[in-house]
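Peer 1: Now for the letters of each chain:
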Amino acid sequence: MWTWEPIRVRLSSLITAYWADPVLTAVQILMVMIGVILVMAFYTLAERKIIGWMQSRRGPNRVNLFWVPGLGQPFADVVKLLFKEILVPGDANKVLFRVAPFLTMIPALAIWSVIPFAPQKAFANIDAGLLFILAMASLGVYGVILAGWAANSKYAFLGAMRSAAQIVAYEIAMGFAMVGVLMAAGSLNIGRIIESQHGGPLSWNWFWLFPLFVVYYIAGVAETNRAPFDVAEGESEIVAGFHVDYSGMAFALFFIAEYVNMILISALTVIFFFGGWLSPFDGYLPASSLLAQPGFFWFGLKTLVPMFGFLWLRATFPRYRYDQIMRLGWKALIPVTLVWLFVEGVLIYCHVGPWKGHI
Amino acid sequence: MLDQYLPILIFMGLAAVLGLALFTIGWFAGPRRPDAQKLSPYECGFEAFEDARMRFDVRYYLVAIIFVVFDLEIAFFFPWAVSLRETGTFGLLAMLVFALLLVVALVYDYRKGALEWD
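If you read the sequences in order, they're chains R and S.
The first sequence begins at 1 in our numbering and counts up one residue at a time.
The second sequence begins at 1 in our numbering and counts up one residue at a time.
By construction, these hints were calculated from the structure, which means they are not laboratory data.
Do not take every clue at face value.
As the list claims (entries may be wrong) - Cross-link-like lysine to any residue pairs, in silico, SDA-like; alpha carbons within 25 Å at most:
{"no.": "1", "chain 1": "R", "residue 1": "LYS154", "chain 2": "S", "residue 2": "TYR42"}
{"no.": "2", "chain 1": "R", "residue 1": "LYS94", "chain 2": "S", "residue 2": "GLN37"}
{"no.": "3", "chain 1": "R", "residue 1": "LYS154", "chain 2": "S", "residue 2": "SER40"}
{"no.": "4", "chain 1": "R", "residue 1": "LYS331", "chain 2": "S", "residue 2": "LEU100"}
{"no.": "5", "chain 1": "S", "residue 1": "LYS38", "chain 2": "R", "residue 2": "VAL78"}
{"no.": "6", "chain 1": "R", "residue 1": "LYS80", "chain 2": "S", "residue 2": "ASP109"}
{"no.": "7", "chain 1": "R", "residue 1": "LYS154", "chain 2": "S", "residue 2": "TYR60"}
{"no.": "8", "chain 1": "R", "residue 1": "LYS80", "chain 2": "S", "residue 2": "LEU20"}
{"no.": "9", "chain 1": "R", "residue 1": "LYS84", "chain 2": "S", "residue 2": "VAL17"}
{"no.": "10", "chain 1": "S", "residue 1": "LYS112", "chain 2": "R", "residue 2": "ALA332"}
{"no.": "11", "chain 1": "R", "residue 1": "LYS331", "chain 2": "S", "residue 2": "ASP109"}
{"no.": "12", "chain 1": "R", "residue 1": "LYS331", "chain 2": "S", "residue 2": "ALA75"}
{"no.": "13", "chain 1": "R", "residue 1": "LYS94", "chain 2": "S", "residue 2": "PRO31"}
{"no.": "14", "chain 1": "S", "residue 1": "LYS38", "chain 2": "R", "residue 2": "ASP77"}
{"no.": "15", "chain 1": "S", "residue 1": "LYS38", "chain 2": "R", "residue 2": "PHE251"}
{"no.": "16", "chain 1": "R", "residue 1": "LYS154", "chain 2": "S", "residue 2": "LYS38"}
As the list claims (entries may be wrong) - Among the chain R residues that face chain S by a calculated CB cut under 10 Å, a handful are:
{"no.": "17", "residue": "THR25"}
{"no.": "18", "residue": "LEU130"}
{"no.": "19", "residue": "LEU131"}
{"no.": "20", "residue": "MET161"}
{"no.": "21", "residue": "PHE281"}
{"no.": "22", "residue": "ILE334"}
{"no.": "23", "residue": "VAL336"}
Glycine residues also receive a C-beta, built at the ideal position from the N, C-alpha and C atoms.
Just chain R, with the same shape it has in the complex (with noise of 0.2 Å):
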């Protein structure tokens, strides 16, 4: 006989098991999210600080916070920014434009959501993660493409085409660097790539895939348009480049979307290349020490790491002219990791390095 009662127990059960956990990660990804935020707000602070030092200059030091000089500058810029009119340019596509920060800013976050920060510590520990992450990476050049040419404005139209054609050519090194700490992983589900780095720093991908990492760092510092291969905001030429009319919290969000992006490509870069949350004593000292422990203390130690190099880049190069990025792109980065695919092919065939697996 036919009865509701394994669909309604079924249909319970499911919003049971929905139902308790999604308020519950909702809270949870929020904070990680503000947590993000923060970091990002106070990153700001530190290129303006650090890239201060590095030009013998004080950088911040008016907004106190806590008799720190300088250390309240984020929560003023906020301030500023939040109560800045925002303009739509009477020529502008009404509704693009006011949807195209979105567009930036929503798979700049939605990324963090497949990051580990601690063994087992993602909030979706999907199979295809990586997939997913270049996936959402892509997704990115639509807010930046409908920001310019929304606004309808020269300058903001010429840099949404420069900033288009550089993210999508970088997005193909990154992609391929990708595929090599794929063969070395065996897996796209994030955390068993980490895993498959343990042993300690020189069984870290870095080793063994030294040219993929470059090309990885690289790609990413050419996709999120920093410098030196900032020519998409070149203020020199077009002023600010795609965002050009926008301000206020419009302005913030593609500000916030940049600056996240950058967390994100050295929190990847750590991942990928350097053992994410893997302890850098794993394998020397006894596993039971307190310091060979896996754990978000590493992870977010190492992340620092590239997180600097992004500020040094920016202090230290010249700006590249755009042929010059898309020489390098095109005939350097991508002709460097197909060969060094073809290497690592040849590698895991012969056994050699610290691939197990068998072919």
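Please build the complex by placing chain S on the supplied structure of chain R, with the hints as guidance.
Peer 2: Then chain S, alone, in the frame of chain R:
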């Protein structure tokens, strides 16, 4: 397995809410005093004398087309790299042939000057 994807959805939703909240606060906290000068497209103080949706360099299209080809190639590389240990020698050789075809394409692009930008 599929319920692992739910947090991603919540994450995206919350990111949208957060962005919308910031935008809305800014929209209402800021002043709104538009005038004709302010609303004109920014061009360093000059009057814009034509629409910004103008013709642009065909090379941007070229980059986009080459990008599609190579991005697809990466999409083919992904499953191969994951199953590298199972497909063995045959997989390696097959991918070598595939990659070789694309290297030929890259060399062709290179020699034709499609990757040049000046």
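Peer 1: If a hint holds in the structure, say so; if it does not, say that too.
Peer 2: Checked hints:
Between R/LYS154 and S/TYR42 the CA atoms are separated by roughly 8 Å; this keeps the pair inside 25 Å, and the hint holds. This hinted pair checks out: R/LYS94 and S/GLN37 have alpha carbons roughly 17 Å apart, not beyond 25 Å. Distance restraint check for R/LYS154 and S/SER40: the Cα-Cα separation of roughly 12 Å lies within the 25 Å cut-off, and the hinted pair is therefore satisfied. The suggested pairing of R/LYS331 with S/LEU100 holds, with an alpha-carbon distance near 16 Å, which does not exceed 25 Å.
A hinted pair counts as satisfied when its Cα atoms are at most 25 Å apart, and S/LYS38 with R/VAL78 qualifies at roughly 23 Å. With a C-alpha separation of about 49 Å, the suggested pair R/LYS80 and S/ASP109 falls outside the 25 Å cut-off, and the hint is violated. This hinted pair checks out: R/LYS154 and S/TYR60 have alpha carbons roughly 16 Å apart, not beyond 25 Å. A hinted pair counts as satisfied when its Cα atoms are at most 25 Å apart, and R/LYS80 with S/LEU20 qualifies at roughly 18 Å.
Note on R/LYS84 and S/VAL17: the hinted pairing holds, with a Cα-Cα distance of about 21 Å set against a maximum of 25 Å. This hinted pair checks out: S/LYS112 and R/ALA332 have alpha carbons roughly 17 Å apart, not beyond 25 Å. Restraint check for R/LYS331 and S/ASP109: the C-alpha separation of about 10 Å stays at or below 25 Å, so the hint holds. With a C-alpha separation of about 21 Å, the suggested pair R/LYS331 and S/ALA75 falls inside the 25 Å cut-off, and the hint holds.
Proposed proximity of R/LYS94 and S/PRO31 is supported: the alpha carbons are some 18 Å apart, at most 25 Å. The hinted pair formed by S/LYS38 and R/ASP77 meets the criterion: a straight-line CA distance of about 23 Å does not exceed 25 Å. Between the alpha carbons of S/LYS38 and R/PHE251 the distance comes to roughly 16 Å, so the proposed pair stays at or under 25 Å and holds. Our distance criterion of 25 Å between C-alpha atoms is met by R/LYS154 and S/LYS38, whose separation comes to about 16 Å.
The criterion of a C-beta within 10 Å of any C-beta in chain S is met by R/THR25, whose closest approach is roughly 5 Å, and the hint holds. Look at R/LEU130: its Cβ gets to within about 8 Å of chain S, closer than 10 Å, so that hint holds up. Interface hint status for R/LEU131: upheld, as the beta-carbon distance to the closest one in chain S is roughly 7 Å, under 10 Å. Because the beta carbon of R/MET161 sits about 5 Å from the nearest beta carbon in chain S, less than 10 Å, this interface hint is met.
Proximity of R/PHE281 to chain S is violated relative to the hint, the smallest CB-CB distance being about 29 Å (cut-off 10 Å). For R/ILE334, the interface hint holds, since its Cβ comes within 10 Å of a Cβ in chain S; the closest pair sits about 7 Å apart. Of the supplied interface hints, the one on R/VAL336 is violated, with its beta-carbon coming no nearer than about 12 Å to a beta-carbon of chain S, more than 10 Å.
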